[in-house]
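Colleague: Each chain, letter by letter, is given below.
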Amino acid sequence: SQQGEEDPQALSIQEGENATMNCSYKTSINNLQWYRQNSGRGLVHLILIRSNEREKHSGRLRVTLDTSKKSSSLLITASRAADTASYFCATDTDSSYKLIFGSGTRLLVRP
Amino acid sequence: NAGVTQTPKFRVLKTGQSMTLLCAQDMNHEYMYWYRQDPGMGLRLIHYSVGEGTTAKGEVPDGYNVSRLKKQNFLLGLESAAPSQTSVYFCASSSSGSTGELFFGEGSRLTVL
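Chains G and R supply the protein sequences, listed in that same order. Residue numbers 1 to 111, in our numbering, belong to the letters of the first sequence in order. Residue numbers 112 to 224, in our numbering, belong to the letters of the second sequence in order.
Hints listed in this document are in silico derivations from the structure and should not be mistaken for laboratory results. Glycine included, each C-beta is placed from N, C-alpha and C at the ideal position. Nothing false has been slipped in among the hints.
Here are the computed distance ranges between Cβ atoms for each label pair:
| no. | chain 1 | residue 1 | chain 2 | residue 2 | range |
| --- | --- | --- | --- | --- | --- |
| 1 | G | L75 | R | D173 | 31 to 41 Å |
| 2 | G | G59 | R | S191 | 42 to 52 Å |
| 3 | G | V44 | R | Q128 | 28 to 38 Å |
| 4 | R | N139 | G | G16 | 36 to 46 Å |
| 5 | R | K125 | G | G59 | 43 to 53 Å |
| 6 | G | R50 | R | E217 | 23 to 33 Å |
| 7 | R | A113 | G | K26 | 32 to 42 Å |
| 8 | R | E141 | G | E55 | 22 to 32 Å |
| 9 | R | S191 | G | L75 | 39 to 49 Å |
| 10 | R | K182 | G | E17 | 44 to 54 Å |
Put together the whole structure using the sequences plus the hints.
Modeller: See below:
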């Protein structure tokens, strides 16, 4: 079964707007990661947030983590057409060896 | 910088045929993974390895076998392909397991007729 579930499944916004994606998970974690996948390509790591962190920034990306609600959000500010991709959260569940991925959010940024 | 390389990139098989997907990484990573990606399902972990000579089952291991004879290579085998194994397969590697970043290959698209 999927550990992480992203919401919404699909999101369409205008260039310049902010995009927010959410991830919920079921069990306790040590860290949560976000990845991006362009169409037909492999996944690329965006950001990692540890269970003792509440917020993390990287460029136009802002990630929050609420362990009490077992949820995380990814905010992309001032979106660009090049941000069009699928975004996945991944959690380490009960193992420090493996990452389990959610089903992803498809983001379309219209020029 | 090659990173993680998967071969082949595309393959069409008939039901019952066998094949092997090869993943090679040049980053000296201990951890390697095989995932499959199906529409609407995200990525599901098939098998993984925490070092040379080791393998372990993931979420969906049935119908697949793996080997890690060399640290840089992780092979995924299908002994008797089934249409349900039609998918895009991704290999990934990491220096620190799930505590750090995974580096992914570009994927191998497999169709089983």
